[in-house]
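Protein chains in written order, with our numbering: chain A, 190 to 531; chain B, 15 to 348; chain C, 12 to 384; chain D, 7 to 510.
Hints should not be assumed to be uniformly reliable.
Where chain A lies over chain D, by a calculated footprint (3+ residues, C-beta under 8 Å) [claimed, not checked]:
1) 352-362
2) 489-498
Ranges of calculated distance between the beta carbons of each label pair, as one might list FRET restraints [said to hold, decoys possible]:
3) Arg394/D with Leu304/A: 27 to 33 Å
4) Arg231/B with Thr507/A: 53 to 59 Å
5) Ala311/B with Leu358/C: 31 to 37 Å
What the hints contain is simulated information worked out from the structure, not anything from laboratory work. From the three backbone atoms N, C-alpha and C, an ideal C-beta is built for every residue, glycine too.
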Amino acid sequence: MTGTGRVSDAAHRRRIPAPLAGLRAVAPVLVLLVALLVALAVVDPGFFDPERLLAFLRRSAPLVILAAGQYLVIVSGGFDLSVGAVVTTGVVVAAELFNLAPGLPWLVVVAVLLLGGLLVGVVNGIVSTVFAVPSFIATLGMMLVLQGAVFFWTQGAPRGYLPEDYRMLGRSAVPGAEWLPWAVVVLAVVGLAAVLFMRSDTGRTLVATGDNDVAAGLAGVRVARLRTLAFALSGVAAAVAAILVGGFTGVSAQAGSGYEFQAITAVVLGGVALGGGRGSVVAAMAGAFSLQALFTLLTLLGVSGAWESAVQGVIVITAVAVGGISWSRRSRRTHQPVREPV
Amino acid sequence: MTAPSVAPAGRPRLRLGGPVGVVYLALVGVYLVGWLAVAARGGDFVTVGNTVTILQNSVALGLVAVGQTYVILAGSLDLSVAYLVSLTSLVTAQTMQTAGVVPGVLAALAVAAVVGLGNGLVVTRLGVNAFIATLGMALILRGYLEHNYTGPAGAVPTSFQHLGYDRVGPVPVSVFLLAATVAVTWFVLRRTRLGHHIYAVGGDEEVARLSGVPTTRTRVTAHVLCALCAGLAGVFLASRLGAGAPWAGTEAQYDLVSIAAVVLGGTLLAGGRGGVAGTVGGVLILATLDNVFDQLAVDPFFKNVVRGVVIVVAVALYARRGVDARRRRMRGGS
Amino acid sequence: ASDLPDAGAGPSAGDGTEADATDSEFFDQAEYDRQLALRDAVPDGPADRPWEQALDPEYVPTEEYRQDGPYHLCFSNAGLFNPWRSVGWRTMRAEVDLHPEIAEFTVLDAQGQDDKQISDIQSLTGQDCDLLIVSPNTTATLTPAVAAACERLPVIVFDRGVDTDCPVTFISPIGGYAYGAAGAEFLAETVEPGGQVLALRISPGVDVLEHRWAAAERVFEDSDLEVVGVQFTEDDPATVKNTVSDYIQRFGGLDGVWMDAGATAVAAVEAFEDAGVPVPPITGEDQQDFLQAWDERGLTAVAPGYPTFQWRTPVLAALRVLGGQEVPERWVLPQPVITQDTLDDYLQPDMPPQHYALCGCEDLPDFPAAWGG
Amino acid sequence: MNHSRTPVLTVRGMSKSFVGIRVLTEVDLDLARGEVHAVVGENGAGKSTLMKVVAGVHQPDSGRLEIDGVPHRFPDPASARDAGIGIIHQELTLLPDRSVAENVFLGREPVGRGVRRLLVDRAAMVDRTRALLAEVGAVSFDPDTLVRRLSVAQQQVVEIVKALAGDARILVMDEPTAPLAEHEVGLLYDLVRRLTARGIAILYISHRMREIFDLADRVTVLKDGRVTGTLATRDTNRGELVRLMVGRELRDYYPPLAAPGDLGEVRLAVRGAGNDRLRDITVEVRAGEVVGVAGLQGSGRTSFARALFGADPFTTGEMRLDGRPVRPTSPRAAIRAGIALVTEDRKGQGLVLRQSVRDNALLVLRAAFAGRRRAGVGPVAVTELLTRLDVRAGASDREVRFLSGGNQQKVVLAKWLAARPRLLVLDEPTRGVDVGAKAAIHEFVRDLARQGLAVVMVSSELPELIGMSDRVLVFRDGTISGELPARPSEERIMRLSTGAEVAA
Ligand SMILES: Nc1ncnc2c1ncn2[C@@H]1O[C@H](COP(=O)(O)OP(=O)(O)OP(=O)(O)O)[C@@H](O)[C@H]1O
Ligand SMILES: Nc1ncnc2c1ncn2[C@@H]1O[C@H](COP(=O)(O)OP(=O)(O)OP(=O)(O)O)[C@@H](O)[C@H]1O
Ligand SMILES: [Mg+2]
Ligand SMILES: [Mg+2]
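Build the full structure now, drawing on both the sequences and the hints.
Structure representation (structure tokens):
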């Protein structure tokens with residue numbers, strides 16, 4: 190038979206500190222990230238000044254948060270192409286709200302956005318689970334709808350301004366600790382939440398569902414509900430990103446354009462298999478950092494704006510190819526008479 | 015070993031076409047609704063002129079979507095087509111400016127083939143999943159375009175512009191180009207071994223491999239054919255625009271919209287089921303919608319909203335079968 | 012049958028538009044001089060209505076097009092893909108509403124697709140329009156369609172031109188060179204010699220923007236300013252803000268910022284504020300949020316404009332043409348530059364951030380409501 | 007059966023390893039014309055790998071392969087097929103969305119002549135498929151039928167026809183009976199005999215001992231990738247084979263049945279229940295009892311199991327657990343009510359293959375018993391379970407897909423037992439599981455029964471059914487056609503399930 194040891198002694202062997210266990214999964218992308226950071230240090234020695242570093246963290250916050258959300262959807266076996274549109278919508282809607290009701294407390298608007306993101310996610314989830322629309326199409330549709338709706342509403346030019354207090358999270362630093370941008374705090378909180386979630390029962394069943402939803406369902410998992418939860422959280426993450434982006438730069442009609450593909454790329458860079466069932470959220474977020482680092486590096490190297498995307502393309506393909514991170518479509522068909530494993 | 019006999023599954027064509035019937039019903043539905051709506055506003059929708067416009071506006075997307083059908087059926091997809099269309103439009107125009115029509119077309123198709131080959135090899139040999147592989151290719155093409163082009167370039171001879179502007183009777187010449195491409199594709203998918211292998215690879219790559227299907231070659235070929243169709247779209251646009259435009263393909267979001275059109279045509283996004291007939295239906299639905307909104311002077315932004323809704327709702331309808339399939343799977347039964 | 016113009020006007024786009032974006036093969040000395048000269052030309056037309064003014068016009072007769080109202084105007088719009096176009100579009104609609112003799116106004120929106128706009132123009136020429144207004148998405152690629160349309164009905168082109176002079180008139184402000192030069196000259200004057208200037212561009216390849224930069228490049232070459240960087244921002248404020256702060260950190264501050272469009276100027280300003288350094292002389296555009304920032308923060312700034320009031324002109328021109336009154340063959344509109352002195356004249360209270368002050372829409376019905384004010 | 011002594015196929019010194027793991031070591035094997043040559047061994051012994059090397063799916067690291075004494079290399083499946091080797095893989099190799107004909111000729115579609123060689127000759131394809139089907143005596147379905155519409159047994163026929171279509175002279179059958187019930191197995195026997203009569207040589211893999219002795223002329227035993235013996239079936243016996251396979255003695259009997267005293271209260275009571283596939287089901291199962299369920303393929307056994315488990319619930323009649331009425335409408339509800347189902351499709355429905363052994367074993371707890379509800383049972387308990395089940399997994403954070411069939415099945419059991427069920431439903435629990443693991447599972451199930459668990463066990467393997475069941479229910483056409491006491495005769499079961507006998 191394969192293997193020798195019993196679980197009992199295996200269980201001892203398994204008592205390696207959790208972080209190490211985690212590391213194994215994250216390894217490849219970490220290599221990439223470290224490589225990029227070293228490159229950055231070489232190109233621009235000043236890069237590692239604490240305040241520059243924090244600036245980098247703050248800059249990465251939206252993408253990392255989006256990646257965390259996107260991870261949940263991808264690992265459960267789906268796609269979320271709507272996050273970019275959600276970010277744009279979030280920014281514009283916030284402006285509209287402040288335009289309609291100038292005195293509005295900023296926390297209210299934040300709440301509205303988070304709820305909005307949640308709602309979008311729930312709709313994505315229900316459409317792709319209950320109505321069995323491939324999530325690629327479901328979220329693509331959502332993307333079109335949101336883009337259209339927001340511009341239809343604002344007639345192409347967002348109205349209203351984002352007041353300072355609302356922009357605090359994206360723009361200013363923690364009072365008392367001027368070196369620490371709020372965005373970084375938010376990032377830390379979201380990141381931690383994501384990790385804890387993935388360690389929870391729900392998180393683990395989510396991965397199992399992405400691996401084999403039929404088996405999961407027969408083990409008592411409420412598949413549709415769980416997948417919908419993943420989309421919902423992705424929506425919320427997008428809303429958070431919208432708050433940060435809007436805060437950082439103020440109103441813009443294209444705040445979120447391109448974020449959906451960046452987020453997916455980041456997750457895949459993290460070694461998460463499209464199709465679900467494998468990969469860690471830490472790796473996904475590391476992938477996002479890598480991507481951001483890559484952008485920064487290219488700018489520093491003065492790579493012509495034009496070539497930037499080309500380089501990005503090459504790196505992504507190579508990274509994924511080298512990392513051997515190839516997407517295996519749903520391994521075997523399961524609606525067939527069973528035969529024994531090979 | 016005997017068992018209760020099972021009825022044959024009707025003509026293969028119909029079967030492979032997936033819910034083609036549904037697609038065309040939907041098309042007719044959209045058309046009728048459009049008709050009523052426009053008529054209600056005192057316009058007339060069912061005119062030769064208008065029908066021609068719908069067809070004309072289907073050509074470019076149609077060509078791309080037909081190509082997309084190959085890869086999606088083969089269990090892949092291609093996100094680089096939009097930039098490829100732009101690129102080939104430029105190649106066409108510039109080659110024609112110097113070397114004449116035929117070399118222009120050939121050059122464009124050659125470039126397309128190379129790009130398709132690249133996609134195919136990255137997907138099969140490097141084992142990068144199609145989404146990332148073609149997304150990467152898209153970024154590369156984009157970089158090349160932005161770096162080398164600052165606007166429309168090249169110029170096609172007037173003789174060649176007839177492809178974009180002439181009509182046979184009321185029907186634009188370019189519509190025949192699309193029709194021909196569709197016919198060839200239908201033929202390839204239904205009647206050739208390649209076609210059978212494409213369905214097999216898309217249905218279950220491992221099974222195909224064990225059955226002696228050259229899976230790698232099949233996938234690569236599918237990607238090349240897809241790229242060639244995008245190339246044709248580029249050639250067509252060049253003749254229509256009289257020059258090549260670096261945004262010819264991207265402005266219209268041909269990458270995502272073509273995928274949507276294919277799925278709207280009832281082809282399984284996962285591959286292995288569907289066909290080009292449905293794709294044509296999907297494209298026509300989108301074109302008709304667009305036209306109806308133009309007629310109704312609907313706010314262009316609102317178009318996207320409806321587009322999105324229609325796509326999702328339609329696919330949800332087809333997915334009914336998907337749900338059954340899933341139930342069957344749950345039962346682990348035949 | 013063919014929808015090609017009998018002339019078969021093959022576009023002459025080809026020549027040289029292919030090249031590296033960074034060198035200014037876009038530079039055309041003669042055009043450059045013409046534009047700079049035009050800035051000082053005395054406009055012909057009512058002083059308080061710049062959209063009716065024309066800079067050294069050559070009038071052409073339009074008797075042949077005279078007909079009695081009511082009229083059916085048709086408009087093929089390139090799209091509404093940015094706030095500038097939305098503001099312009101609102102202004103145009105308002106202008107149309109002013110004229111009862113315009114019985115019908117049919118609009119097709121190409122959503123930025125050349126291919127679709129060609130079809131739009133074709134189907135509009137097919138309908139019973141009395142006159143066709145075109146705002147082309149691309150110069151070269153739409154030429155054949157416009158040329159073909161010319162053979163069927165009077166055509167008016169505005170904003171972006173086409174490579175044929177068959178339209179009755181082509182309406183546009185002075186142009187990109189003048190715009191680019193204005194900002195650059197301002198910096199050359201205000202920034203002390205040897206100062207380090209950062210140039211922010213949206214993206215390579217858009218001819219209008221290329222002209223702006225080409226002119227600015229000229230001015231900078233002749234000045235003693237040092238251009239420490241030329242960055243593309245895709246018009247994304249986040250990119251702008253990040254880029255600027257990067258430069259501030261690397262060069263310990265900047266002495267001037269040139270932008271080829273103002274939509275993201277405020278982001279640039281904020282980058283300085285967030286870095287806690289004074290905002291150097293900066294060029295923006297006539298966009299509300301920038302003008303406000305300028306006013307409130309007392310910036311040293313200038314706002315060249317590519318006036319949205321040009322969207323009113325085609326409607327007026329159309330009525331003149333159909334009324335048989337002569338119009339300038341090449342209708343060059345003035346292109347105001349907002350300076351410290353004129354800031355207060357243009358700054359409207361509580362308009363939306365992306366409103367364009369040069370809309371010339373203040374006198375139109377339900378202003379400011381219809382413009383989001 | 008007649009067969010000359012010239013081997014059609016000769017394998018010499020064949021070795022193969024996957025990513026460093028040795029799977030086949032110096033394997034020798036030869037196959038005579040018209041011979042049925044069985045290959046047996048534990049899960050993971052290397053049987054399928056050997057066959058895949060022969061069929062050109064895998065390339066050997068070293069070793070020779072001769073056909074009629076002529077050395078061959080098979081770079082790909084196609085070339086092996088063209089050399090006259092047909093294979094029925096252990097994994098299914100049919101495309102459900104394609105027609106029977108398209109599946110049979112997949113990868114070698116017939117083409118026309120001249121210009122028409124571009125085209126697939128559909129007519130020829132259909133005709134030849136029809137002919138082949140007739141040859142194996144399957145006339146019940148048309149070559150144009152979609153495979154997904156066929157019953158499991160019919161799909162198996164298509165597999166065989168597909169393997170034969172290349173004019174195979176050597177036919178490899180890798181556990182062909184795994185998805186079949188006893189009655190279809192008989193039909194398979196006939197087919198095999200007819201083929202060998204035509205001089206076709208057959209390599210036959212199975213975990214079912216009796217098939218070996220019924221069919222095979224010779225048997226080769228693999229253990230950990232090495233040949234531990236090749237014997238003529240007529241001069242060997244089960245015990246010897248098992249020793250060669252497992253390397254130790256293995257009791258040849260099933261654990262003792264429940265003594266009358268061991269039976270407790272009625273745990274499960276179903277009365278007049280039914281749904282779209284079942285009608286009028288009336289059953290009682292007592293605590294501590296193992297009730298076997300027999301029936302032909304498609305008779306409703308899995309439907310019954312799934313109905314108890316709420317996956318395709320009963321729509322009529324009543325169902326009680328410990329006297330309390332329950333009608334679970336979802337697996338989740340059933341699980342919480344104390345019901346567990348070990349499905350027949352292990353990989354498709356039982357396991358999340360890319361997750362660790364632990365995560366699989368914890369799945370039910372995590373999914374159905376959130377938070378306080380699962381007080382007591384937890385990771386520790388699960389680890390103990392895995393140990394008790396003697397799962398040889400290397401490490402419990404190893405991905406389940408790397409385990410052998412037997413160990414995978416044990417993990418599935420652990421997953422369910424962690425939830426402390428009161429009724430355990432097993433659907434084909436030992437399908438494709440080797441003799442060693444099989445015995446272990448039997449022991450374990452009986453243990454559980456002794457501890458008061460009520461067990462319903464669906465099986466297509468009559469010896470197992472007879473050996474394990476305190477009572478046997480026989481299904482036919484979606485209802486119970488008869489109930490037999492412990493140790494019924496195979497022959498009675500067959501007669502009830504085929505309708506030859508109708509219960510009094
Ligand atoms: N493609 C592969 N890659 C890596 N390891 C493999 C591969 N195929 C088989 N193995 C390993 O080789 C060993 C033998 O597998 P094989 O399927 O030949 O066993 P088997 O005798 O057929 O078992 P069973 O009776 O369960 O079918 C197993 O340990 C299996 O995990
Ligand atoms: N409710 C159901 N709906 C659809 N298919 C089912 C259902 N229940 C079982 N199946 C599958 O369909 C096939 C025949 O169905 P059925 O359950 O009636 O026969 P069965 O005797 O359970 O089959 P098996 O011999 O495989 O257990 C089996 O492969 C079974 O796995
Ligand atoms: Mg095997
Ligand atoms: Mg069954």
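*Mind checking the hinted window 31 to 37 Å against the Cβ distance between Ala311/B and Leu358/C?*
For Leu358/C against Ala311/B, whose Cβ atoms are near 35 Å apart, the range 31 to 37 Å holds.
*With 27 to 33 Å as the target window, see if Arg394/D and Leu304/A comply at their CB atoms.*
Distance hint for Arg394/D, Leu304/A is violated at roughly 49 Å.
*Go check the stretch 489-498 of chain D versus chain A for me, would you? Three or more residues, Cβ under 8 Å, otherwise it fails.*
This one is violated; 0 residues, fewer than the three required, reach chain A with a Cβ under 8 Å.
*Range hint compliance [Cβ, Arg231/B to Thr507/A, 53 to 59 Å]*: Once the Cβ atoms are compared, 24 Å apart, the range 53 to 59 Å for Thr507/A and Arg231/B is violated.
*Quick check: the stretch 352-362 of chain D, covered by chain A? Criterion 3+ residues, Cβ under 8 Å.*
Per the Cβ count (10), the hint holds.
When the structure is compared with the earlier hints, violations turn up for hints 2, 3 and 4 and for no others.
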